Amino acid sequence: MTALSICIPTRNRQIYAMDAITHLLKSRRQEFEILVADNSDDAEVLATFCKSIDDPRLRLMPPEDAPLSMPDNWERMIPEARGSWISIIGDDDYLDPELCEVLRLAAKIAPKVESISWGRSYYIWPEARTSTEITTLPVPSNLRGYDQKELMKRLFFWEEAADRPACPFGIYHGAVKRELLERIRETFSGRYFEHGNVDYDNICKTVMLSGGFLLWERPLSVFGACSQSNSIGLRNREIGKERTKVVLAESKFGFEAEGFPFSPDLGIAASIGHTIEHFKQRYGIDLSGWEENFIRACAKDCESSFDRQEFNARKEAYGAAIESWRGKKAKKMFKPEYKFRPDVPPFRGTADGILYFDMDMGETASAAEFYEMIDAMLFPVHLLESRLA
Amino acid sequence: MAHLTICVPTRNRQRYCIETIRAIATSEVLDIEVLVADNSDDETQLSSFFENEFDDARFRLLPPQDQVLSMVDNWERAMENATGKWVTFIGDDDYIDPRASDLIKRYERIHVDVEAVGWSRMSYNWPDNRPSDTMATVPAGSSTLVANKVQLENFLFRWTEGKNRPSSGFGVYHGAASRKLMERIKARFGNRYFEHPNVDYDSSCKVTAEARKLVTCQRPFSILGACSSSNSAGLHSQKTMHERTKTFMQETKTGVPVEHPDFPFPLSDNALSVCVSVAHTTYWFCKKYNIDLTGFGENFVKAAMEECAFSRDSAEYERKVDAFKRGFSLWENGRWVSHFQPALYDPNRLAFRHVSGVINDVIYFWEQKVKAKTPGEFYKFSERALMPVEHILAGRRSFTT
Chain A
1 MTALSICIPT
11 RNRQIYAMDA
21 ITHLLKSRRQ
31 EFEILVADNS
41 DDAEVLATFC
51 KSIDDPRLRL
61 MPPEDAPLSM
71 PDNWERMIPE
81 ARGSWISIIG
91 DDDYLDPELC
101 EVLRLAAKIA
111 PKVESISWGR
121 SYYIWPEART
131 STEITTLPVP
141 SNLRGYDQKE
151 LMKRLFFWEE
161 AADRPACPFG
171 IYHGAVKREL
181 LERIRETFSG
191 RYFEHGNVDY
201 DNICKTVMLS
211 GGFLLWERPL
221 SVFGACSQSN
231 SIGLRNREIG
241 KERTKVVLAE
251 SKFGFEAEGF
261 PFSPDLGIAA
271 SIGHTIEHFK
281 QRYGIDLSGW
291 EENFIRACAK
301 DCESSFDRQE
311 FNARKEAYGA
321 AIESWRGKKA
331 KKMFKPEYKF
341 RPDVPPFRGT
351 ADGILYFDMD
361 MGETASAAEF
371 YEMIDAMLFP
381 VHLLESRLA
Chain B
1001 MAHLTICVPT
1011 RNRQRYCIET
1021 IRAIATSEVL
1031 DIEVLVADNS
1041 DDETQLSSFF
1051 ENEFDDARFR
1061 LLPPQDQVLS
1071 MVDNWERAME
1081 NATGKWVTFI
1091 GDDDYIDPRA
1101 SDLIKRYERI
1111 HVDVEAVGWS
1121 RMSYNWPDNR
1131 PSDTMATVPA
1141 GSSTLVANKV
1151 QLENFLFRWT
1161 EGKNRPSSGF
1171 GVYHGAASRK
1181 LMERIKARFG
1191 NRYFEHPNVD
1201 YDSSCKVTAE
1211 ARKLVTCQRP
1221 FSILGACSSS
1231 NSAGLHSQKT
1241 MHERTKTFMQ
1251 ETKTGVPVEH
1261 PDFPFPLSDN
1271 ALSVCVSVAH
1281 TTYWFCKKYN
1291 IDLTGFGENF
1301 VKAAMEECAF
1311 SRDSAEYERK
1321 VDAFKRGFSL
1331 WENGRWVSHF
1341 QPALYDPNRL
1351 AFRHVSGVIN
1361 DVIYFWEQKV
1371 KAKTPGEFYK
1381 FSERALMPVE
1391 HILAGRRSFT
1401 T
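Residue numbers (the numbering used here), protein chains in the order written: chain A, 1 to 389; chain B, 1001 to 1401.
These aren't lab readings, by the way, just hints derived from the structure by calculation. Just to be clear, a hint being listed does not mean it is correct.
[Claimed, not checked] To list a few chain B residues with every Cβ distance to chain A over 10 Å, as calculated:
id: 1; residue: 1153
id: 2; residue: 1305
id: 3; residue: 1357
[Said to hold, decoys possible] Okay, derived cross-link-like pairs now, DSS-like style, lysine-lysine, Cα gap no bigger than 27 Å in a straight line:
id: 4; chain 1: B; residue 1: 1371; chain 2: A; residue 2: 26
id: 5; chain 1: A; residue 1: 149; chain 2: A; residue 2: 300
id: 6; chain 1: B; residue 1: 1186; chain 2: B; residue 2: 1288
id: 7; chain 1: A; residue 1: 300; chain 2: A; residue 2: 329
id: 8; chain 1: A; residue 1: 26; chain 2: B; residue 2: 1186
id: 9; chain 1: B; residue 1: 1163; chain 2: B; residue 2: 1180
id: 10; chain 1: A; residue 1: 26; chain 2: B; residue 2: 1373
id: 11; chain 1: A; residue 1: 153; chain 2: A; residue 2: 335
id: 12; chain 1: B; residue 1: 1325; chain 2: B; residue 2: 1369
Predicted model only: the values in this text are computed from it and were never measured. Cβ coordinates follow ideal geometry from the N, Cα and C atoms, glycine included.
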């Protein structure tokens, strides 16, 4: 039986997807599969590549006649996936098949858990870097359960949020049980995915319906960003605008929430704000008391700008939106500060439970190679069980 | 005159030594001197390397003498030939970043009376020395600390930490001492730079006792390497360690005995340990030079119990417990026998003694997953997770996260 389906939706970035597949298949584990949903203009590249690999763990879904929206490309993977657990990563990301061991243990120690997540690691592909980039790894490696109430506070009330909610559960760089996905489809609109921000669409639904949540603080996947990534686009407002346009057009039931006057291309806080608000409005969830935390997230979103002009533009646009949304009193709470100091070097080493290091450590050429490198300095997956004993 | 002399004593491990030389030579630091003190049976390998394959004026080879020297005598000879204002020693399978010389210069500017400089050390097992799952360690700190001399002496001479070996942190081995200090050491202690066969701890004792100011940097500048023929490699296997210690004791038949006659914990016992070996050295030093040993007995009991707890298996645990019991019954009229109450053997303790991850600001790397093939390569790889040397040298204190 297939324990895990690692799903990789991809569009016109075959070279990245092929690198991830090649590394995934080096695993000796047999209880996982890789399902690639190709949405590229040229079907040949991945078809030829997959044909050259004789491994039953790999399956390719070729492009359809016309390119699909991102939610539709994600949607078509779920019925095809054979795993009891399903996880989706980007084509420039990586996920360790050793996740199967964590899933096995979860079934043993917490059988009601339907959503599992892990620590985050971030990698910018070498061609997308313009200077030295410092990345982070969480130092602790505890396995801990989460209470649904706490996660609701984190997601819907933006508690402890940075520029986005601090809620890592969902199918994207997380694993969810097939049964949970079926309940999601039955409960909400008859589809697995609907909003253009597919990852947060799923986080909202997972937090609402999952039977239990388990987080291993040790990273098991890498959030990659190549030059064509949306996350790289967000660093520049103009590129961000272009990419947001595509996401807006792809939302099945509209992207923007009503009465939420934040342009979705303002930044990550505005974009996720729309996703969460859209979800709440569509499914009749009415909450109050989250606005102040959201305004703080807007400020943090501005503060993530390295460029002073970019910071000012964001500050002005967010400020105007906040004022039009909740009035002058709300705007007074919005106090972003330009914090980027080019003259102050970045920290390296450990501080507050985080290891900071040069992303070029080991001169890795891909997200998968980067994972192999960090895996050497992370708690060994195979010892998790003895640690729990 | 060179600012820092890096001494590399070597014996019959030419392949590793040549790698070490090549790795150090990639540095652009100019005012260093690297002294390779060859004590090998075959002198041609290193001499031919220096003559035909290597051309770097910063390096000097001291060829083997007519007879093989003991380790302590080879160190002594290297020190006598060193011309630098400061001196440091590393093993032939180790690595040092020559920018340690710049670090010392910085500390000389800030602390005019500094005489000993320490730094954190990484550890790395060469690919031929990984009989099981081995870890390389990288301390990730970057602060500077001026040592509290009283505390340091308590740690090293009286073992007040109660750990299975005392923290030293200073000495010429993977640390630096000023020439001025080394000359005072020679004048005060037996008219030699080094006396005890356990040369690194000999130097730690003397530097700790004699240096006026000792400053250390938490960022690593060197690597303790272990190849398959290292003494430290013996730690992986009891049998290997036993063989090595036999050789070590035979080599040092003359001069200071490796075992102190008043300290009845035999090194030749099959339960020997680094703990006992270090204790012989610090005990010898304190006895010989009248250093106060108050509290050592009580603390050594704690160290012995921790040493037992670190056993690889229950058989080794039993051997160690028996050996310590015998030793304590003979030492100081059995005064400490009743204090020696080791905890029962816990196999789980070992399982998590060596795992990858970050624990107490030290990064543990699973070596089989690391691509670096030599200590030099490993240093260049792992220092990407450390504070860049230029920030340390500039004394920077504010950083962005």
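Now the hints, each set against the structure:
No beta-carbon of chain A is positioned within 10 Å of the beta-carbon of residue 1153 of chain B; the least distance is around 30 Å. Here residue 1305 of chain B stays apart from chain A, with its beta-carbon at least about 25 Å from theirs, past the 10 Å limit. Consistency note on residue 1357 of chain B: stated as away from chain A, yet its beta-carbon is not over 10 Å from all of that chain's, at 4 Å minimum. Taking the CA atoms of residue 1371 of chain B and residue 26 of chain A, the gap is near 17 Å; set against the 27 Å cutoff, the hint holds.
With a C-alpha separation of about 24 Å, the suggested pairing of residue 149 of chain A with residue 300 of chain A holds against the 27 Å cut-off. A threshold of 27 Å between alpha carbons decides the hint, and for residue 1186 of chain B with residue 1288 of chain B the separation of about 15 Å falls inside it, so the pair holds. In summary, the hint linking residue 300 of chain A to residue 329 of chain A is supported, as the alpha carbons are separated by about 19 Å, within the 27 Å threshold. Of the pairs offered as hints, the one joining residue 26 of chain A and residue 1186 of chain B is violated, with about 59 Å between alpha carbons and a cut-off of 27 Å exceeded.
Straight-line distance between C-alpha atoms of residue 1163 of chain B and residue 1180 of chain B comes to about 32 Å, which puts the hinted pair past the 27 Å bound. At most 27 Å may separate the alpha-carbon atoms for a hinted pair to count; residue 26 of chain A and residue 1373 of chain B meet this at roughly 22 Å. Between residue 153 of chain A and residue 335 of chain A, the direct Cα distance comes to roughly 23 Å. Compliance with the 27 Å bound is thereby established for this hinted pair. For the hint linking residue 1325 of chain B to residue 1369 of chain B, the alpha-carbon distance of about 41 Å lies beyond 27 Å, and the restraint is violated.
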